[in-house]
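Asker: Position 41, counted from 1, in the sequence shown is what the UniProt record's numbering calls 41; the numbers after and before it change by one each time, with no gaps.
These aren't lab readings, by the way, just hints derived from the structure by calculation. Keep in mind that a hint or two might mislead.
[What the hints assert, rightly or not] Derived pair list, reagent style EDC-like, types lysine to aspartate or glutamate, alpha-carbon separation capped at 16 Å:
1. Lys64 x Asp77
2. Lys64 x Glu25
3. Lys64 x Glu27
4. Lys84 x Asp48
These figures come from a predicted structure and were not determined experimentally.
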Amino acid sequence: MTSPTSRAISRLGIGSYRLALGVPEHERILYRALERQKDPRLNINLIDTSSNYSNGRSEQLIGKVLSNPRHNTLRRDEVVIATKFGYIQNENMRLLSEGVFQRVPPEEIVEYSRECFHSIHPEFM
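Build out the structure end to end from the sequences listed, making use of the hints.
Answerer: Rendered as structure tokens:
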């Protein structure tokens, strides 16, 4: 499979529903999953996530790992991230009400409808 930019996308992906920033085992697992294989056909370069997974900490962990890759791991430009949007809940709702997300540049906020926005800024992810 290829993306609109003609990047090859692995047939299997990494699901991050249960991964969370702040859990050392989850960080180790994600680094291991993104390690380069001797056979490039085995490299998994698709990560499925959502701002609602682990109260946003799943996207935060992915952002941390991809911004500081260990030796022999895929780089951010080699990874395809599939995310979803929906309602804001839990910790993200509190942060939004406190104005924390106002620091996100407007050009990095995607409007899906009048009532639904999602940020693609690394601070949000």
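Asker: Would you list, in rising numerical order, the hints stated earlier that this structure does not obey?
Answerer: none
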